[in-house]
Amino acid sequence: MAFSDKTRQSYQGVLQGLKDAGLFKQERYIHSPQSADIEVEFPEGASLRKVINMCANNYLGLSSHPEVVKAAHEGLETRGYGMSSVRFICGTQDIHHELERRVTEFLGTEDTILFPSCMDANAGVFEAVLGKDDVMISDRLVHASLIDGIRLASAIHDTFKHSDMGHLEQKLQMYRDKRYRLVITDGVFSMDGDTAKLDEMAALCETYDAMLLVDDSHASGFIGRTGRGTHEKCGVVGKIDVITTTFGKALGGATGGCVSGRRELVEMCRQRARPYLFSNTIAPVVVVGILKVLDILTASTERRDKLEANSAYWRKGLTEAGFILQKGDTPIVPVMLFNAKLAQDFSRALYEEGIYAVGFFFPVVPQSQARIRTQISAGHEIPHLDKALEAFKKVGKKFEILGKTKQEIIEKYGM
Amino acid sequence: MADDLKNVILNYVVAEYLEEGADPIGFDTPLISGGIVDSFSMVSLKRFLENQYKISIPDDDATPEAFDTVEKIADLVQRFTRA
Chain F
1 MAFSDKTRQS YQGVLQGLKD AGLFKQERYI HSPQSADIEV EFPEGASLRK
51 VINMCANNYL GLSSHPEVVK AAHEGLETRG YGMSSVRFIC GTQDIHHELE
101 RRVTEFLGTE DTILFPSCMD ANAGVFEAVL GKDDVMISDR LVHASLIDGI
151 RLASAIHDTF KHSDMGHLEQ KLQMYRDKRY RLVITDGVFS MDGDTAKLDE
201 MAALCETYDA MLLVDDSHAS GFIGRTGRGT HEKCGVVGKI DVITTTFGKA
251 LGGATGGCVS GRRELVEMCR QRARPYLFSN TIAPVVVVGI LKVLDILTAS
301 TERRDKLEAN SAYWRKGLTE AGFILQKGDT PIVPVMLFNA KLAQDFSRAL
351 YEEGIYAVGF FFPVVPQSQA RIRTQISAGH EIPHLDKALE AFKKVGKKFE
401 ILGKTKQEII EKYGM
Chain U
1 MADDLKNVIL NYVVAEYLEE GADPIGFDTP LISGGIVDSF SMVSLKRFLE
51 NQYKISIPDD DATPEAFDTV EKIADLVQRF TRA
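Chains as they are written, first to last, in my numbering: chain F, 1 to 415; chain U, 1 to 83.
Don't read these hints as lab results, they were simulated from the structure. Take the hints with a grain of salt, since some may be wrong.
As the list claims (entries may be wrong) - Pulled from the structure, derived: some chain F residues nowhere near chain U, Cβ distances all over 12 Å:
1. S4
2. L23
3. I137
4. M174
5. D241
6. E320
7. P363
8. L389
As the list claims (entries may be wrong) - The list that follows gives simulated cross-link-like pairs (lysine-lysine, DSSO-like), each with its CA atoms no further than 27 Å apart:
9. F:K327 / F:K412
10. F:K398 / F:K316
11. F:K132 / U:K54
12. U:K46 / F:K178
13. U:K46 / U:K6
14. F:K132 / U:K6
15. F:K25 / F:K50
16. U:K46 / F:K132
17. F:K306 / F:K292
18. F:K327 / F:K404
If you're wondering where the values come from, they're calculated on a predicted model, not measured in any experiment. All residues carry an ideal CB built from backbone N, CA and C; glycine is no exception.
Could you build all of it, start to finish, from the sequences and the hints given here?
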């Protein structure tokens with residue numbers, strides 16, 4: 001036993017420091033299936049409160065869809081619960097292979113490999129396909145999981161200013177001497193809800209002989225005319241060399257992720273990606289659920305169409321009420337409050353009004369860009385959005401920020 | 001010469017790393033420890049200096065501390081220019 005009092009106190013000091021800085025994260029316990037209406041226990045021990053969920057990644061409202069739940073039940077009966085093995089020993093069922101084939105078809109790529117999560121896909125892909133003679137050039141606002149994967153690779157790493165194509169071109173010129181150049185971006189950026197300029201990026205990559213990797217976790221299933229993702233929206237299906245994405249958001253919301261793209265790159269992951277080699281893959285019950293999700297999405301675009309309409313309705317309502325929103329046209333709608341304490345207080349006041357929406361502040365977003373990130377779902381009905389809108393207006397009025405400029409809010413509450 | 005060098009570095013840092021409307025920086029502003037520049041992004045500055053001044057800065061010397069202010073970066077460049 002080597003966890004001495006001194007060691008314990010030292011960790012307690014660190015945790016207290018997080019609390020003092022207002023950075024301590026606390027879970028809220030949900031006692032119902034994930035959906036637009038949930039029952040929440042918060043803080044721990046408090047009586048349950050029925051609230052409207054405005055912060056889930058449940059974009060298509062499929063997390064608790066009856067057909068998906070039914071399929072998962074059947075999967076549990078026919079394929080069992082666990083695999084007790086990594087893929088290449090005895091952990092691959094026919095349904096894993098089937099899901100890889102279906103995802104390839106859905107995304108319009110050449111091949112796909114499943115990972116336990118998209119975090120794992122991003123952790124594994126760079127090390128598997130690049131070496132020390134190569135360069136990775138990433139947008140400065142890419143997701144934390146891409147940054148972690150980049151850190152694990154031996155290739156050198158540089159960045160370009162967020163969505164700045166001129167700056168990206170400079171970097172591509174600067175690294176012409178490298179063996180492989182890999183440009184890395186999110187499809188839809190999770191904190192701001194804006195979309196990467198994949199058409200321009202694909203053209204630049206063509207010019208400078210670079211590969212392009214897109215994490216489309218906040219896009220797969222609903223961005224683009226038939227929901228294939230950001231590459232469909234930007235008209236570059238077939239031109240993205242690697243797409244990483246998750247099944248933990250719109251595509252059923254359970255677990256799992258994948259790397260999908262050029263056949264040889266996917267095969268390199270199968271041979272070398274450590275999270276694939278040294279961890280069990282997605283559980284059979286979840287695989288069958290995802291297959292059902294793909295059935296639903298290929299049969300009809302109804303859900304992504306509804307999501308698009310809901311997002312436009314929500315954005316319009318908040319704008320007319322006098323809130324400052326981050327520009328964009330995705331279901332991620334950040335309501336800008338600029339001050340971290342205001343974002344936390346605003347979130348608490350919304351909760352009192354029956355609306356569950358969380359505040360984000362530094363270090364998750366840059367200093368003085370604190371916000372409430374709202375996320376719209378096809379599971380929301382117009383009465384949900386109207387009720388949420390009324391609550392936002394009431395709380396906005398209470399804090400006297402409606403119709404105010406950024407400067408005025410900062411003058412009142414500080415940076 | 002020393003101030004010219006510092007100005008070249010300062011101008012590069014401003015153009016490369018600062019967002020529009022950011023507070024101005026000086027020769028002694030902490031860049032990495034001050035959260036202005038991500039240590040990850042310093043690779044382009046290193047490459048710029050190496051190309052500009054025809055030097056080679058070994059990775060062991062290109063530490064976050066050595067790149068923390070324009071002043072320190074200029075010292076580093078001068079050290080390798082003379083070497």
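Review point. Is the straight-line distance between the alpha-carbon of K25 (chain F) and that of K50 (chain F) 27 Å or less?
Key: holds (22 Å)
Review point. Holds or violated: K46 (chain U) with K132 (chain F), Cα cutoff 27 Å?
Key: holds (17 Å)
Point to revise | Distance rule for L23 (chain F), whose beta carbon must clear each one in chain U by more than 12 Å | key: holds (15 Å)
Exercise for review: Just double-check I137 (chain F) for me: nearest Cβ-Cβ distance to chain U has to come out over 12 Å.
Suggested key: violated (9 Å)
Check your understanding: Does the alpha-carbon distance linking K327 (chain F) and K412 (chain F) stay inside the 27 Å limit?
Key -> holds (23 Å)
Check your understanding: Under the criterion that the straight-line Cα-Cα distance not exceed 27 Å, is the pair K306 (chain F), K292 (chain F) satisfied?
Key -> Satisfied, since the Cα-Cα distance of roughly 19 Å is no more than 27 Å.
Point to revise | No chain U beta carbon within 12 Å of E320 (chain F)'s | key: holds (28 Å)
Check your understanding: Going by Cβ atoms, does L389 (chain F) stay more than 12 Å from chain U at every point?
Key -> holds (31 Å)
Check your understanding: Would the pair K132 (chain F) and K6 (chain U) pass a check requiring their Cα atoms to be no farther apart than 27 Å?
Key -> violated (31 Å)
Practice item. Decide, holds or violated, for the assertion that all CB atoms of chain U are farther than 12 Å from the CB of D241 (chain F). Key: holds (22 Å)
Point to revise | 27 Å Cα cutoff - pair K46 (chain U), K178 (chain F) | key: The given pair, whose Cα atoms are some 16 Å apart, holds under the 27 Å limit.
Review point. Given the proposed pairing of K46 (chain U) with K6 (chain U), does the C-alpha separation stay at or below 27 Å?
Key: holds (14 Å)
In this structure, the earlier hints numbered 3, 4, 7, 14 are contradicted, and the remaining ones agree with it.
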